[in-house]
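Visitor: Just so we're aligned: the sequence shown equals residues 1 to 263 in my numbering.
Honestly, the hints are just simulated from the structure, not real lab data. Among these hints, one or two may not hold up.
[As the list claims (entries may be wrong)] Here are the simulated lysine-lysine pairs, DSS-like style, with alpha carbons at most 25 Å apart: (1) K52 / K124; (2) K85 / K136; (3) K105 / K17; (4) K85 / K17.
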Amino acid sequence: WDGVTMGGGVGLSLHGKIRVATEKTLFAMPETGIGLFPDVGGTFALSRLKVKPAIGKYLALTGARLNAFDCMHVGLTTHYLPSEKVPVLRSVLEGLNEDAGKITKIKEVLEELRGNNSPPNPEKSVVVPHEECINKCFSQQRLEDVYLALETHNDNRDWAERTLKTLQSMSPISLKVTFEALKRHAGKHVTIGDALRDEYRLSQRFMRLQPHSDFVEGIRAVLVDKDHSPKWSHKTIDDVSEDDVDEFFEPLESNHPRGELQL
């Protein structure tokens with residue numbers, strides 16, 4: 001993750017056994033800001049971080065940006081390496097030949113190259129200073145209760161107000177669907193395949209126009225017109241019903257051109 005690692009780029013690598021951060025790492029899953037959800041297995045991985053589940057909810061819903069220090073702390077990445085050593089790592093891995101597929105050997109290489117280097121800028125962490133607050137506010141079982149917890153959180157009022165303002169700027173239907181997906185995919189019995197099949201259904205439903213989905217409007221506001229003033233189909237999360245959310249997870253219609261995801 002030698003640079004900006006967001007959205008689909010995260011999903012392509014997040015499920016690997018080894019994930020390397022450098023001082024250039026900038027992680028985020030900002031999909032709720034464009035009317036989508038953390039896809040490519042994002043809802044599966046973010047519900048299984050080495051920290052408490054509330055941290056994954058916080059990252060998925062707010063699109064918070066993390067540096068290497070935070071990525072290592074929450075378990076998004078497994079190893080740290082200075083960016084200048086990435087070419088050396090690549091060269092060494094290419095020379096491993098039959099050992100290239102041995103995880104233990106790759107870990108040895110990474111540890112040797114890392115030396116005494118540690119992730120820089122811990123003072124810029126967005127998780128560690130507020131971890132207790134995040135765990136308290138985002139451990140709720142309903143998104144509405146997350147909002148309420150933030151509204152009444154007095155231990156770190158500035159952080160709570162900023163976080164609530166961020167959530168209120170996101171697509172309400174994206175937030176509700178993302179929250180539900182995180183809950184469904186957190187179970188120990190759920191496999192990555194189960195999550196990907198669900199996420200494929202979600203992706204198809206998010207391609208619909210408003211009022212069924214905000215994705216097209218989010219793309220317009222952020223990537224096309226770039227006015228960053230999306231007009232979401234629902235004013236608040238209270239306007240999104242349980243039926244609206246459940247519909248996203250339903251089996252695809254029998255006349256869907258590709259049908260369900262086959263793995």
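Visitor: Quick one, are K85 and K136 close enough, alpha carbons at most 25 Å?
Guide: violated, 39 Å
Visitor: Check whether the Cα positions of K52 and K124 lie no farther apart than 25 Å.
Guide: holds, 21 Å
Visitor: Are the Cα atoms of K105 and K17 separated by 25 Å or less?
Guide: holds, 13 Å
Visitor: Compare the distance between the alpha carbons of K85 and K17 with 25 Å, and conclude whether the hinted pair is satisfied.
Guide: holds, 20 Å
Checked against the numbered hints listed earlier, the structure breaks hint 2 alone; every other hint is satisfied.
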